[in-house]
Amino acid sequence: MELFGKNDEQGCPVKNPIPTLIHLYSLAKQRKNNLSVLLSKQYLADIQFILRNATHPRFNSQSITNLLLSIVYLHGTWSDIQTAQLDGLLINTLHRHIDQLTSQGTANTLWALAHLNFTYQDLQQQQLLHPLLHAIQRNSHQLNSQDTANSLWALAQLGITWQILQQQQLAPLFFTVIQRNIATFKPQDLTNVLRAFAQYGITWNDLQQQQLARPLCDAIRRDAHTFNHRHTTNMLWALSHLRLSWQDIKQWELDAIIIQILTRGIPEISPIGTGYTLRALTHFGLMWHDMQVMHLDVLLLEAIKRNATRLTPAGIVNTLQALVQFGFSWQAIQQCHLAQPLMDAIYYHTKKFDYETVQQLQKLSFWPQLPLPWDVKKHFHTLLAKSSAIPISVSPMKTVFNPVSAQPRMFAKSVTTHTSQDMSSLPSQALKPLS
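In terms of the working numbering, the sequence shown is residues 1 to 435.
Please note: incorrect hints may appear among the correct ones.
List time: in silico DSS-like cross-link candidates among lysine-lysine, alpha-carbon distance up to 27 Å [claimed, not checked]:
no. : residue 1 : residue 2
1   : K386      : K352
2   : K41       : K29
3   : K41       : K15
4   : K29       : K15
5   : K386      : K363
6   : K186      : K32
7   : K378      : K363
8   : K351      : K377
9   : K305      : K386
10  : K386      : K351
11  : K363      : K352
12  : K351      : K305
13  : K363      : K377
14  : K352      : K378
15  : K363      : K351
16  : K378      : K351
Think of the hints as simulated: they come from the structure by calculation, not from any bench.
Go ahead and model the full structure; you've got the sequences and the hints to work with.
The structure is reproduced here in structure tokens:
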């Protein structure tokens, strides 16, 4: 084994960092689903050792990708790397190897940067944007279904707009590689692509013009029997934001399949998934009577009760907004025995509500009827009195799902940011970890 390479800038021999990287990556993969694991001082010391010896000849493009994945799997953030003063070393190392990234390496690198909460501005500031986009273009002929889906999803999470992809000639490229790979899409690939298109503001009509609508419908029908509840939630969210109505769904002969996978998936649905599923159904133009006809009403009510106390403030708002759009009054919510669980959730999460979510609550038709305790009212009044706050719309995207985990995670960023391990997770992407 080659232990030493050339000397570093200080004249010290460069040590082989690969054994340390292999050990770190193995530990990270084992612990990625354990949310209590944090980027400890020992892990940071290992990362520092690896980066300081990254000029060793055995360190290559796959090595930097695996290091980035390790940081994400250990639930590290870019802030952690900056605090440890390793950000410069990491960016410089990535720059040295970015031109050698493979299609899979590019997809995994983009995915990792998205999970580190990088933004479009960060990529520009670190001069990474154009090299990464060029890496996609360079490897386009090698992109398989998973690389395609994960790259497209990660670019959306990073805030790269469809206009930028058009300017860089990547928009037609993605349409081409999706056409080429769609027959081999797995449920995670399919939902990531649909979610990405929705985030880019692409409509179903746009997909029809690109002759992708029919293949996407065929893929949904083909894979529906293997959808889990996260795939279902992400697909519904995406279809609703691609501006499909329920009538459109019926015309494309997807209605029976969607009802079937909802019936199967709702009993396992997560708190985040509950709010997003409800909102998607209302975006399709469906009413509560439709839920009753589809025999989904009891399942949905049970899911709300089961998950109420675990809903985030955004999830509470999403759920209440959906109930209003379904035609519920506060009296109807009480009759369905949902009032107490939802009020308990509001009380439990009072301190987590911010100006925007309180404003959304205040817009509900039955806001005056909500039996809020005095201390909750006081907190909400204080938030609403802050005239400097800027309201935002509660939208089910920026992932509340986990779009990629390393196995990337699913929905990706949440209503406002990348905070929920469940839906930024909901797309549980499945990026192939590099070995």
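Quick rundown of the hints versus the structure:
1. The hinted pair formed by K386 and K352 meets the criterion: a straight-line CA distance of about 16 Å does not exceed 27 Å.
2. For a cut-off of 27 Å, the pair hint linking K41 to K29 stands: about 18 Å separates their Cα positions.
3. Distance hint between K41 and K15 is fulfilled; the C-alpha atoms sit about 21 Å from each other, no more than 27 Å.
4. For the suggested pair K29 and K15, the alpha carbons sit about 24 Å apart, so the restraint of at most 27 Å is met.
5. In summary, the hint linking K386 to K363 is supported, as the alpha carbons are separated by about 17 Å, within the 27 Å threshold.
6. Distance check on the hinted pair: K186 and K32 sit about 22 Å apart at the alpha-carbon level, within 27 Å; holds.
7. The suggested pairing of K378 with K363 holds, with an alpha-carbon distance near 18 Å, which does not exceed 27 Å.
8. For the hint pairing K351 with K377, the CA-to-CA distance comes to about 11 Å; that is within 27 Å, so the pair holds.
9. Between K305 and K386 the alpha-carbon distance is near 33 Å, which puts this suggested pair outside the 27 Å criterion.
10. With a CA separation close to 15 Å, the supplied pair K386 and K351 stays within the 27 Å bound.
11. Our distance criterion of 27 Å between C-alpha atoms is met by K363 and K352, whose separation comes to about 19 Å.
12. A C-alpha spacing of about 22 Å is found between K351 and K305, which places the hinted pair at or below 27 Å, so the restraint holds.
13. Only pairs whose Cα atoms come within 27 Å are accepted, and K363 paired with K377 is accepted, the gap being roughly 15 Å.
14. Annotation: proposed proximity of K352 to K378 holds, straight-line Cα distance about 14 Å (limit 27 Å).
15. A threshold of 27 Å between alpha carbons decides the hint, and for K363 with K351 the separation of about 20 Å falls inside it, so the pair holds.
16. For the given pair, K378 sits about 11 Å from K351 by alpha-carbon distance, which is consistent with the 27 Å threshold.
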